[in-house]
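A.B. asks: Chains as they are written, first to last, in the numbering used here: chain A, 11 to 279; chain B, 201 to 731.
Simulated from the structure, these hints should not be mistaken for laboratory data. Note that the coordinates shown come from a computational prediction; the quantities given were computed from them, not determined experimentally. Accuracy of the hints is not assured; some may be wrong.
[Unchecked claim] No more than 25 Å apart at the CA atoms, straight line, and that leaves these computed lysine to any residue pairs for SDA-like:
1) K49(A) - A274(A)
2) K49(A) - L62(A)
3) K644(B) - R626(B)
4) K49(A) - A266(A)
5) K49(A) - S295(B)
6) K49(A) - T590(B)
7) K644(B) - E576(B)
8) K644(B) - G597(B)
9) K49(A) - A581(B)
10) K49(A) - V125(A)
11) K493(B) - R550(B)
12) K644(B) - G156(A)
13) K49(A) - R301(B)
14) K644(B) - S245(B)
15) K49(A) - R152(A)
16) K49(A) - G514(B)
17) K49(A) - P205(A)
18) K644(B) - A591(B)
19) K644(B) - T590(B)
20) K493(B) - G514(B)
21) K644(B) - R585(B)
22) K49(A) - E502(B)
23) K644(B) - V377(B)
24) K49(A) - V203(A)
25) K49(A) - T501(B)
26) K49(A) - S610(B)
27) K49(A) - G342(B)
28) K49(A) - D541(B)
29) K49(A) - I538(B)
30) K49(A) - K493(B)
31) K644(B) - S610(B)
32) K644(B) - A716(B)
33) K49(A) - G240(A)
34) K644(B) - A419(B)
35) K49(A) - A716(B)
36) K49(A) - V377(B)
[As the list claims (entries may be wrong)] The following residues of chain B were derived to be distant from chain A, with all beta-carbon distances above 10 Å:
37) M216
38) R266
39) V298
40) A599
Beta carbons: idealized from backbone N, C-alpha and C, even for Gly.
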Amino acid sequence: MMLVCSALLVAAVAVDNPILLGSIAACALALLLAGPGSKRAYLIFAGTSALLVFLINPFVSVQGLTPIWHGPHIPLLDTEITQEELAFGAGAALRIFASALAVAAFVRIADGDLVLNGVSRVAPRSAMIVALAARLLPTLERDAAGIALAARARGATASGRRSAADLVSPLVSLSLERSLGLAEAMEARGYGVGPRTREPGPPADGPERVVTAAGVGLCLLTSWLLVFGGGNYLYYDLLGDPVTAAAIGGSAAFAALTAIVIGAVRWPR
Amino acid sequence: MAALSFMHVRYAYPGMSQPALDGVTLDVEPGELVLVVGESGCGKSTLLRAALGLVPHFHGGELAGRVVVDGLDTRDHRPGELARHAGLVFQDPESQLVAQRVRHEVAFGLESIAHPPDTIAARAQEALMAAGASHLTERDTGTLSGGEGQRIAIASVLAMGQPLLLLDEPTSQLDPVAAEELLALVTRINRDRGVTVVLAEHRTGRLFAEADRVVVMDAGRIAFDGTPPAAARHLAGGGRWMLPPVAQAFAAAGREELPLTVRDARRMLGDVPPASQPPPEAHGTRPVVSVEKAHLRRGDTEALRGASAGFDPGTVTAVLGENGAGKSSLALAAARLIELDRGRVRGSTRAGYVSQNPSHHLLRETVEDEVAYGLERSGVAAPERAARTTAELDRFGLAAFAGRHPRDLSSGERQRLAVATVTVMRPELLLLDEPTRGMDGLRKLALGELATALASEGTAVALITHDIDFAAEAAQAVTTMAHGRVLADRAPRSGLAGGLFFAGQVALATGHVSVAEAAEALRAGTEATRV
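In isolation and in its complexed conformation, chain A is listed as follows (with noise of 0.2 Å):
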């Protein structure tokens, strides 16, 4: 699984052909639908950035030519809306959902305790930091839920801005709290003091070896589309067009195989 969604985030910011950027978009979503526990945080996160990229972008941008809208004169803006940069927007939305939402499939899909050791044979520290992470999200998602319960038991409300930024210092101080004592009972239990064992797995079975060999072939897909510029496309100063053999291919094939993933798997509920 981690295959999987490194293959997806990888192809999300390398590539550029809003067809492909769309598809993987696709992919990650339901990749993530399909897994168990609650998306909405992570839902709202990716969409809230990618539609401030999309509306931002037009007012920052001074490319593209052709113009769609003449708005006012506003220092520091460009109010000359052209194609172009809607369409580098809408882009760089897709990038941005596509990527948010592979990095959470991850979080939610993957073994902690797999990642943990495989991270651990070759960087001990980094492992720590991945186990903390693993471990304490969900936590985290406890602690929230606690801290904006006893806020409003006080009168205040997470929904205004104000009082949603009152909640985030102690959301992280208690997370830091937290991580502490997680890294002090993983010190007390031997990590860090030399080579670590491996308890052998059980072999892998067939659905684990369809899920590998998927991941093995995104891993080549988005090698591909690297090597070879299948990816490419560009925005300015005139749109190109998207549709081309390797846009249509690449999508298809992104999709084929993030569908034999989600076949695979025996998802627990």
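Using the hints, position chain B against chain A.
C.D. replies: Showing chain B alone in chain A's frame:
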């Protein structure tokens, strides 16, 4: 060779002038079960951290003297190396579980000390069985209850096979049943497997009699070190609240011989008059807040199933029940912090709720701002806000910390601050959800007195708690719950004396509800014998 030795150990945390350990000298012999008691902040946790080298290697600070674990000096060996010789179970189950799945959690320590891979799975499974937790093997650690989490923490330590087990208030976050089970497990590990156990604990009930030695700590020093009966006699003078409740009653009655268990107490009780049945205490006909026929679903669970309960003005009401009985949901409904699916809440809207975790109440940069926050949000004018804030800081003994960051406070001080942030709003109903978690006996007494004082001012106070002994001391009425239903609403507290599940140690031994009542009866019994 001693399993653990402290030799003239003095230690101060970084930036602190006051030492947390001050000249500690202590030997623990192999196979002993040593109980460490003392007020919050007396150095119990630091003592256990020093035994594993976390002090000073993890926390920093200056350590003088020597700590030797299984022949290894902690100055020369880091905690990771000492982890082969001693294991530490912390207070909070949530912040010590590292892995996502229980099986991997128990294997984690073995993998860290490079245990041969082929035997890790078998050893982990065996440790889970020894800890009575093999049924949890495939569970996600995020879904474990507090008691289950502590069992897994103990299994993780057992798996590593260290000869010394250190436990830092392992029951502080658990309900009485889970706490009893856990302490029975620890005793069994000590007796059957010969593992040396050093355990710091506020709930001394059962353990006091089971321990080989009791160490009393005070301000970083060892104030007493001896057998349980000798320690009980020592504490009867100036630290009665550290004794098991039944011994507290006998000590308060001036008895020389102190029972450490319910059975001992019953044996010694030939001359005590039986508890008289007082007339039922009438409760107010108009409660400040009443919850009527409440139904609520939270996630997959039906938290409330037609629960009805009221909270009378000027009364401290204990809401008792097992984990998942619906106590917190009832409190949240009464405070109007959750919407009911069906049913209604009547009465005052001025209800204050203090959650189980006082850290959730800490939102601001200073203690003073924290107390003033609710008033500010309610639009109270600045002069009145300042006056009420100052008064509340004084009342809770927090005036000296007014400029400090709330997170620099100890857990007991945080608890007081959390209550102050709500009482400053002058609620007509104050709901305290599990207020005694992690609290020592002295702080519980103070909390009970505070609840009584607030009630005497006319406030309805509700104590949502598992702590039967605390409820017996502090409450005037008792509401009991099970499976989302209210079994008894505002029943007389005298009912606690005859309870099967809802009965404290004093009630089980003497038939009287509180330590004070039992002590009075004991004194009366003594007088009668003299006559």
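A.B. asks: Decide, hint by hint, whether the structure agrees.
C.D. replies: Tested hints:
1. K49(A) - A274(A): 21 Å, holds
2. K49(A) - L62(A): 20 Å, holds
3. K644(B) - R626(B): The given pair, whose Cα atoms are some 22 Å apart, holds under the 25 Å limit.
4. K49(A) - A266(A): 23 Å, holds
5. K49(A) - S295(B): Holds. K49(A) to S295(B) sits at ~24 Å (cutoff 25 Å).
6. K49(A) - T590(B): 44 Å, violated
7. K644(B) - E576(B): Measuring from Cα to Cα gives roughly 30 Å; hence the hint is violated.
8. K644(B) - G597(B): Holds, at roughly 15 Å.
9. K49(A) - A581(B): Cα-Cα ~42 Å, so violated.
10. K49(A) - V125(A): The given pair, whose Cα atoms are some 21 Å apart, holds under the 25 Å limit.
11. K493(B) - R550(B): 21 Å, holds
12. K644(B) - G156(A): 23 Å, holds
13. K49(A) - R301(B): Holds, because 21 Å separates the two Cα atoms, which is no more than 25 Å.
14. K644(B) - S245(B): 19 Å, holds
15. K49(A) - R152(A): At roughly 14 Å apart (the allowed maximum being 25 Å), R152(A) and K49(A) satisfy the hint.
16. K49(A) - G514(B): 45 Å, violated
17. K49(A) - P205(A): 37 Å, violated
18. K644(B) - A591(B): Roughly 22 Å separates the two Cα atoms, so the pair holds.
19. K644(B) - T590(B): Satisfied, since the Cα-Cα distance of roughly 24 Å is no more than 25 Å.
20. K493(B) - G514(B): Measuring from Cα to Cα gives roughly 24 Å; hence the hint holds.
21. K644(B) - R585(B): 29 Å, violated
22. K49(A) - E502(B): Since the Cα atoms of K49(A) and E502(B) sit roughly 23 Å apart, the hinted pair holds (cutoff 25 Å).
23. K644(B) - V377(B): 19 Å, holds
24. K49(A) - V203(A): 37 Å, violated
25. K49(A) - T501(B): At roughly 20 Å apart (the allowed maximum being 25 Å), T501(B) and K49(A) satisfy the hint.
26. K49(A) - S610(B): At roughly 36 Å apart (the allowed maximum being 25 Å), S610(B) and K49(A) break the hint.
27. K49(A) - G342(B): 17 Å, holds
28. K49(A) - D541(B): 24 Å, holds
29. K49(A) - I538(B): 22 Å, holds
30. K49(A) - K493(B): The hint is violated at about 33 Å.
31. K644(B) - S610(B): Holds, because 15 Å separates the two Cα atoms, which is no more than 25 Å.
32. K644(B) - A716(B): Distance ~15 Å between K644(B) and A716(B) Cα, so the pair holds.
33. K49(A) - G240(A): 32 Å, violated
34. K644(B) - A419(B): The hint holds at about 19 Å.
35. K49(A) - A716(B): 53 Å, violated
36. K49(A) - V377(B): The hint is violated at about 35 Å.
37. M216: At about 17 Å from chain A, M216(B) clears the 10 Å cut-off, so the statement holds.
38. R266: 20 Å, holds
39. V298: Incorrect as stated: the minimum Cβ-Cβ distance to chain A is 6 Å, not above 10 Å.
40. A599: Since the minimum Cβ distance to chain A is about 20 Å, A599(B) lies beyond 10 Å and the statement holds.
Of the numbered hints given earlier, the model fails hints 6, 7, 9, 16, 17, 21, 24, 26, 30, 33, 35, 36 and 39; all others are met.
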